[in-house]
Structure formats: C-alpha cells, structure tokens
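J.: Sequence:
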Amino acid sequence: MHPDSFYRVRLLKDFIRIIIVPSATLSVLLRTSEVRLGLFAIPTYVVFIAVWGYARLQYGDWMHRRDARRMGSRPIPRVRGKWLGNLDIYLQLIAAYHTRYLGSFHLKLFEEYQSTTLNLRLLWQDFIITMDEKHQQYVLATGYDHFWRGVGQKERMEQFFGAGIFNRDDQDWKMHRALARPFFSRDRVTDFELFERYTDRTLTLMSLLCERGEPVEVQDMYARFTLDAASEFLFGKNVDTLSGRLPQPGKTEMSGKGSATGDEFGSFAQAFEDAQVLVMTRVRRGYFWPIYELFTGDPHKKHMAVIEKWLEPLVKDALQNKLDMQKGGLKNPLDQSVFLQYLADNTEDPKVMRDQLLNILLASRDTTSSLLTSVTYFLAMHPDVAKRLRAEVLDYCGVDKAPTFDDIKNMKYMRAVINETLRIFPPVAVNSRESRPHPSILPKSDGTYPEPAEPLYMPPLATIAYFTVLMHRNPALWGLDADLFDPDRWLDKRLSRFVSNPMMFAPFSAGPRICIGQNYALNEASFFLTRLMQRFETFTLAPEAQPAGSLPPPEWKEGKGRETFEELWPNSALTSYVKGGLWVRLGQAES
1 MHPDSFYRVR LLKDFIRIII VPSATLSVLL RTSEVRLGLF AIPTYVVFIA VWGYARLQYG
61 DWMHRRDARR MGSRPIPRVR GKWLGNLDIY LQLIAAYHTR YLGSFHLKLF EEYQSTTLNL
121 RLLWQDFIIT MDEKHQQYVL ATGYDHFWRG VGQKERMEQF FGAGIFNRDD QDWKMHRALA
181 RPFFSRDRVT DFELFERYTD RTLTLMSLLC ERGEPVEVQD MYARFTLDAA SEFLFGKNVD
241 TLSGRLPQPG KTEMSGKGSA TGDEFGSFAQ AFEDAQVLVM TRVRRGYFWP IYELFTGDPH
301 KKHMAVIEKW LEPLVKDALQ NKLDMQKGGL KNPLDQSVFL QYLADNTEDP KVMRDQLLNI
361 LLASRDTTSS LLTSVTYFLA MHPDVAKRLR AEVLDYCGVD KAPTFDDIKN MKYMRAVINE
421 TLRIFPPVAV NSRESRPHPS ILPKSDGTYP EPAEPLYMPP LATIAYFTVL MHRNPALWGL
481 DADLFDPDRW LDKRLSRFVS NPMMFAPFSA GPRICIGQNY ALNEASFFLT RLMQRFETFT
541 LAPEAQPAGS LPPPEWKEGK GRETFEELWP NSALTSYVKG GLWVRLGQAE S
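When you line the sequence shown up against our numbering, it's residues 1 to 591, in that order.
The set of hints was computed from the structure by calculation and includes no laboratory data. Predicted, not measured: the structure shown is a model, and the values here were computed from it. Be aware that one or more of the hints could be misleading.
[Said to hold, decoys possible] Heads up, simulated DMTMM-like pairs for lysine to aspartate or glutamate below, C-alpha to C-alpha not over 25 Å straight-line:
no., residue 1, residue 2
1, Lys409, Asp492
2, Lys557, Glu537
3, Lys237, Asp170
4, Lys309, Glu232
5, Lys444, Glu454
6, Lys351, Asp170
7, Lys387, Asp481
8, Lys387, Glu111
9, Lys13, Glu434
10, Lys108, Glu454
11, Lys412, Asp481
12, Lys444, Asp492
13, Lys174, Glu434
14, Lys154, Glu434
Let the hints inform the model, and build the full structure from the sequences given.
T.: In structure tokens form, the structure reads like this:
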C-alpha cells in the first residue's frame, strides 16, 4: 500500500464508523416505523449521531472499568479539561511545543494530578503520558510483548522511515535487527582511525573560526562531523559535508532543528530535520492528525524528494558495484563490507535500501551530535568541569596523543560527564509505543507520588508516550539536586541509586529494542571529546549570534527547575536538539 493510503483508508473507515453507520441505523429505524421527519431530518440525524457516539464512548469506558476490576487494577487517572473532549488540553499541548520548556507542560499535569502516569483522553481517544520509571520499564522490557510501534506510528512515519528498522515490529523488526547487528560489533565501533580523520577535520575548521574571532555553531558542526564519519562507516564513502557552507553568526536563519545553510548539504539537512519535526507534529495532533493534511496531501513528499535525491547516487553505486563483482565472480566478505554494500548483497530493491540507510543514518548522525552539543553547552556553563575534564585528558593522552580504547575506558571523569549529560539531555527525550489489541496491567508506580497501591489498567490500542527526560530529572529517583548538572553523582555515594535501580537511567532505551549503536556513539563521542579538550580549554556561549527567537523567553524564569536558569532552548523532534543551534566561542589551549 502506498504511504499516502495508510491514513486515507483509516479516515474513510472512521467516517463510516462515526457518520455512516449511525445514519444508516437511524434510516432503517425510521423506515421500519414509517416515521417522516420532514424539516427535522437534518437536526435529528445530527443529534442521533452525537448520541450514538456518546453511547459508544460510555460503553467502551464501562468495558474498560469492568476489565480493570477483573484484572485487579484501576483505570489510569484522566486529565479533566474545561472543554468538551479535552479540546483545551489538546490546544495547550500543541502550543507548548512552540512556547514552553521541554516537558514542562506535562510535568505540571503530573504534579497537579499527583500521578506519574496520566490519560490525556484527547478528543475522546486514549493518549497516555508517563514519567514513571516502573511503567517505562514495563513498556520497554518486562511487558515488552504487550506493546509495539503499532499502526499509528506506521501512519505517521511510513513516508519518512518506510520499511526501516524504526518503523517495523515483530518478525520484520527482528530481521532488520539481525541485518544491522554485525556492523556494530566491537571491532567496528572501535575504529578510531575513522574517528581521527573526521575529528581532525572538524577541529581544524573550529580552530580557523576561533582564530578569526568568530563563534562556532557547534550543533551544525557536530552534525557534519557525525554524518561524514557515519557515511564512511555505513556507505564506504565520505559525503563531505564538512566542506560545505557553514552557518554565519548573526545571519543564519533557523531550520527545523537548528541552523539553515543554502548549499546542497543544507538542503538535505533541512529536509531531514523538517521530516522529523513533521512526525512529532503529527504525534502532538493525536489520532485525528490526518484531518490537517486531508486536502493538502502528505507534506513528507517534498522532504523525501530532497532526501531521496541525496541518497539515490549512493544506492545506485552500491548496486552497480554488486553487478560488477558478480560479473567478475567476486563477492564482498562480510568483514570487509560496508553496510550499504551488505544491503545490496541481500536485496536489489532501491527503496528497501534507502529506508534502511535513512533509519541507521538518523541514529548515527543525530544521537551523537545531540550528545556532543549538550556536553559543549555544559562545558560553557561549568568552567570548573571543563578544567577538570581537560586535566584528566592530559593525564592520559597528553596534548597530542590520540586516545586508545583503554584510555577512554580509564577516563572515569569523562564518562561521568557524558552520563550526566545524557541524564539531563537524553538524545531521545520522549518516545512512544502503542498497546497491542489486548489490555495489560502497568505495575505499581515508582513511588514519586503517594498513589493508590493498585496497578493501572492499560487499555488496548492506546498510545503511551514515555518521557525519559522527566524520569531522568525526577527528584524521587535522583535526589533533590536532580535538575543540577553534577558529574560527581556518577563517582560518589549517589551512584548507589543507579546501581540499585539501573532502569532509572535509559538514554539509549532498554529491553529488546535497546539502541544497537550505543557503543559506537559513546566511543565516537569520547574520542572526539578527548581531542576537543586537547585543543581547546575555554568555552563561552555567544547568545548574540543566536537567530532571533531561539533564546529562552523571559517568562521561563517564572517556572521551576532548569527552565528558570537554562541558557539554551532544548526541544525534541524524534531526537533532541537546540533551537536555532548552539553558538559558542572557543579558547584554544596554549600548550
């Protein structure tokens, strides 16, 4: 089925269920009773459709309450808005993305209802949100079989992710996972020669800007670094985005997730980011998001045209290489093959190859660049941390020695800085699953609020969004200083909290779908940070270079937690990012 058809077919089914069925039922009843409505026909049908819908909702709620009692649980607490169908909550949720601090709207609801899991019940559809550690553990691991990516996600993402690993379930997902696993073995993710080449190019560019007295848009720079390294790792060739046009301080406009540049890479990056933003927009719009696009068509088409134009030559070259080798009676051995060529050896469908590449590319580029951006921000905000981290790097690697795997393993403070960054700004701040077509039971809450002892009834075919970013900052789990950046919590007695409950820290997800590339990301980030600290010793934010509208608004200071003192605008669209990019002035080391 064509991606456009997924949601159009569903809209048709909904129209039949909501409008046609009750109308046909009333028509039969009227004919049977030989009643003629005359001028009252239209209002009677409207009222009957409304009553029919209300009755269906009440019957569904009754069944859920019955099942909850039978299963020894209670319904998830519902948010009660002021308007019909919680329309006011729905509109506030959409507006919060553009005006509020990441997760603050949801946190306010959790506090108001004194519950870590809530049912927003948007437009009469169950939409569950949770910051509960036990419930997130159940969704991802202990109750894994009760959840899947689901039909709703395929509707939202099919045009973007297609048949890739992030958009499939069950046997299809297992096949994709098995296909990708060999390329993230230890010998591949510790290819420090690859990291060195692209780290050196990136830091040389940053040094040139530093010598000219210009700030660096590090989010864009790190995205280029990770994309170039990933392209060689996955494709066997460098797409060379580091040679493209760089953002200009004070002149560059915002893109979907950062800074916009007008070159070929800029077009691809903007399409890549806008597609992610669109997916999250659909999530926030809820079950009825297709109505927004009913007459305009799928906005993904224009983004995918740019993305496919960029990926097409890579796929074409891989298939041609396979054909040339077959003619010569040769075949790439697995240990010498890149991911793209391995795909070509297993399929000749260009779309399947593009889908897989796009999925893996998202993970390879966005997660590591998000981590490096956040670390740089904290180095600027905490000069004492930067000084201590640099001292550790110099102790192990001096001023110019490339780090080895053992060096990285032994730099405990660096790992603490990375872990603390991942805690406060996880690369995937919020994610979601859909419950399967049968009810299940969420276990007893993690104890954040004095909630009733009964577990919670999880209705079938409901979306549940879990906020890793709020779980990572929950004072009940991490202590009263949970909002503060303090790498020492990973080195002192506070570490015992995590040791006794590892699920409270899940920056790379958990369970069967835990991120397959997490070791690649951690090794790449650690290598880059070592080289960064060898070359630079001071980091200072450059708010004057930020695009208009990208700095935290003054009203955030009236909030609570990190939003009262944050100096960047964190946001999330599949992966986390800084609105307008992150502009930083770097001070080169003298030695």
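J.: Does each hint hold? Answer for all of them.
T.: Against the structure, the hints:
Using a Cα cut-off of 25 Å, the hinted pair Lys409 and Asp492 holds, with the two alpha carbons roughly 18 Å apart. The hinted pair formed by Lys557 and Glu537 fails the criterion: a straight-line CA distance of about 30 Å is larger than 25 Å. A threshold of 25 Å between alpha carbons decides the hint, and for Lys237 with Asp170 the separation of about 32 Å lies outside it, so the pair is violated. Taken as a hint, the Lys309 and Glu232 pair is honoured in the structure, with Cα atoms around 19 Å apart against an allowance of 25 Å.
Of the pairs offered as hints, the one joining Lys444 and Glu454 holds, with about 6 Å between alpha carbons and a cut-off of 25 Å not exceeded. Distance check on the hinted pair: Lys351 and Asp170 sit about 21 Å apart at the alpha-carbon level, within 25 Å; holds. Between Lys387 and Asp481 the alpha-carbon distance is near 22 Å, which keeps this suggested pair within the 25 Å criterion. For the suggested pair Lys387 and Glu111, the alpha carbons sit about 38 Å apart, so the restraint of at most 25 Å is broken.
Of the pairs offered as hints, the one joining Lys13 and Glu434 holds, with about 20 Å between alpha carbons and a cut-off of 25 Å not exceeded. With a C-alpha separation of about 23 Å, the suggested pair Lys108 and Glu454 falls inside the 25 Å cut-off, and the hint holds. Proposed proximity of Lys412 and Asp481 is supported: the alpha carbons are some 21 Å apart, at most 25 Å. At most 25 Å may separate the alpha-carbon atoms for a hinted pair to count; Lys444 and Asp492 exceed this at roughly 30 Å.
Under the criterion of a C-alpha separation no larger than 25 Å, the hint pairing Lys174 with Glu434 is consistent with the structure, at around 18 Å. Pair hint Lys154 plus Glu434 holds up; C-alpha atoms about 11 Å apart against a cutoff of 25 Å.
The earlier numbered hints that this structure contradicts are 2, 3, 8 and 12.
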